[in-house]
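J.: Throw the hints in and build the complete structure from the sequences for me.
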Amino acid sequence: MRYGRALALDGVSLTARRGQVTAVIGANGAGKSTLLKAIMGLVPVAEGSIRIRDEDRTNAETRDVVADGTALVPEGRRLFGDLTVEENLKVGGYRVRRSGGSAFDEVMALFPELEPKLRIRAGHLSGGQQQMVAIGRAMMSRPRILMLDEPCAGLAPIVVQRIAGLFGQIAQSGTTVLLIEQNATVALDVSHHCCVLETGKVVLAGRSDELRNNDFVAHAYLGI
Amino acid sequence: MNRVTTLRKLTAPVLVAGLALPLAACGGEAGGGAEDGVVVFGLSAPLSGDAAGWGSASKWLAEKAADEINAAGGIETEDGSVEIEIVIQDNEYTAAGGARAAQTLLTREKVDMIAFSVGTAPVQALQSMTERQKVPMMTSAWGKDLKGPDFPYTFTVINTPFEVLRPLAEYVLEAEGGFESIALLGVNDATGIQSEEVAQEVWAELGVEVVSSDFYEHGTTEFAPIATKLLRTKPDAIDLTTVTPGPAGLLLQALEDQGWDGPTLLSAGTGGQALVEAASGAAEGVYMGLAADFSDTNATEKQQELQAGLEKATGEDLNGVTIGAYDGVIALAAAIEEAGTIESDAVREALTEITFESSWGAAAFGAEDVYGAKQQILTPMIVTQVRGDAIVEVERIVPAELESLQ
Amino acid sequence: MDLFVQMTVNGLQIGSVYILFALGLTLIFGVMQVVNFAHGALFAIAAYTAYVILTYGADHLPGVPAWLLYIGSFAVATVLLGLIGIALYYAFFKRFAGDLISTLIVTIGFALVVEVIVRETFSAQPKSVPPVVEGRLSLLGASVTWERVVIFVVAIAVTVAVAAFVRTTMTGTALRAVTSDAEAAALQGINVTRIALVGVLLATTLAAVAGVLIAPATVVTPTMGFEFLMKGFVIIILGGLGSLTGAIYGGLLVGMAESVGTQMLDLTTATIFTFCVVILVLLFRPQGLMGHAEL
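Residue numbers (the numbering used here), protein chains in the order written: chain A, 154 to 377; chain B, 262 to 667; chain C, 10 to 304.
Treat the hints as calculated values from the structure; they're not laboratory data. Hints are all accurate, no fakes.
Derived contacts from chain B toward chain C, CB cut-off under 7 Å, selection only:
1) Glu483
2) Pro506
3) Leu511
4) Ser541
Every value quoted in this text rests on a predicted model; they were computed, and no experiment measured them. Glycine residues also receive a C-beta, built at the ideal position from the N, C-alpha and C atoms.
T.: Here it is as structure tokens:
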């Protein structure tokens, strides 16, 4: 797969299981964000193909990918800062307006701390709260596949714990969760399966608890 | 961003600019220079902005005069007959635009003479070159400091406030049964300021107190506050000197809204019909000194013909300024024929001596007593008044100097 | 006392015209981040549309009342400007979205082209359009035409309607989301092109309202767009870029400053005075009256 002129990803094949959290770890420039953007149809795929649940989704329109049940929490959260928290969530449910009511209740159940902040501009929230809004916004479209790009970057450890703890909870309700993380410790802790991406190639894949004891991973990513 | 997308991003603005420029500069056809059998007359007039209508009218009128002369066999000189070619440059009605137009006309197009030029500021820029290069220049610009022995190649081919204001003021004073005070308003540019100076002088000499004198900025769209200000000094009369037809129309409406019904003048205003159109009824009774109705039967046959042709071709009405484009070409052609050559000093000399057949009938250059040299065209002056939708001629004054020549 | 009332009335009536013009300008900046020099040109096209239809109506349709011709003018102008807006969007805005300099150059170029075409078609002579409503309202010794009152009322009504649309409807919320972050909006399943087109059509409709309604209160000339545009930019910067209520406060403040300045100072200094007021406000509130610091 080519992104612009540079080869960003090369023959990457990922399997993420329903009801489980799959993590992708790798250093900066390994091609993780590009992979997610390509899946969402935000960057053109020059060569190769993207298949989601056995359907060809190469270069699909982003709105069709969303309508089909794939949602992305982008890197850096990318909230609509001038819009209120409630409006951010409503925009998240843009594609599925009819079932918006129950999706909204589910998000509120997931993040009760957002309830008193609904009328506040999203740009005025703390980093952790903003990340909750970003995840909630993605959940509003009731995705079958939820992808998160560096959701824990730049957050305080206690907030990381709070947010990371949610991934398993979301997966349990039948959603496939694909998590991209630079922080390998967190990624391995919360995921069931994990794969390691280096310079556009999958170099290692397996169960997270096994990978934690892998010498290569321990040395390169966990700093042990 | 890579180079391809940068280029693509640049394409559209460049395309738009490419589209706009030839349109904005239309009329800049190539001149041939002083070739055998051809004399090139240059025009410096606004083709863009507020006063663009004057430029397109001037172009049509000058070309019309040239066509008439060429069709009759050109101008007879000692070296055989020469045909006239007209070249026009946009002076944007600004000093900077005037300097650019002057450069292009004299350096690149190498015109032999300037048959017409519009706007005090651009004309001053042009004059600094024409006088140095000894190029005869016909102009519509007024201002005493443009003419005189120091500027021997400059000739004004329309009546100016210096000629018109006194007879106009005297007429209005008498027609309105006398008044004691007047408020003046002009546009804040070289033309406006010089005209208002003349107006101040004339009204003071006639014993009318000037209670206020103001200048508004080009681009003003709202005139209610200016109307309030004019009325605050409770003048008996108002003179809008150089206010252009659009703003004058809006101002007259605002004055009417605020209860004004006293005598009103547009002493240096030129576009009569345009004023009537813009004022939607509020121009009733306004006196003008330079705004004859050239479609009226009082106008000469030639002027009626020019008015009809110009209106058909450009949508503009013939006015007291643009008529000079026609007369400028005629005057230069007559002087060349008299001199028998296109050599500039001979032509300049001839201009001060000839009597020629202008659009007004017989005309000549004179007014040495005012300007110190014979550089001002002598034609009848017409005082007009708005009555209903019409510009009615109420007084026609023939200069004594012109009468003595006939 | 009379002078005070007249100054206030003058300020209000100038302000009403400025507000109506500035609304479309601030909206397109707010929702599309485009410095839209084309707004003046579109406004002028709408004014000429009203001129053509009303003159034609007066000559050829003697039985048709003026108000009907105005509604007709508004309908025609809305469609015409909408089509131009769509063309501009696909030709330029879509490619240069968020690129302030490129959109600025493109829209200035467009405005110049329109000015030349209009002048070649209608000549540079000022045209006048008869008023929608006739008569004057006398108020404590000052007077204002009913026409200005109508403009003022419509400006307020349009602001309320546009604000309601942008703030409370799902499409309006999506519009603000697209402005805030187009890629993130796409990730929510929003059809960014369609929503941006809604924004363009909203702006062209506002230009049509302003052009048709202001035309009878002013003279219609090829350069009218540029003249209003300069004031418009001053007002939306003063009010806060992109803020609808800011355009109202900005328009009123500039109108009042002009009205008072004209009486107190000579006219040239009064023009400078208006800009001094603007600079003073921006010194203390750099984001404008109703703007918020983070854009």
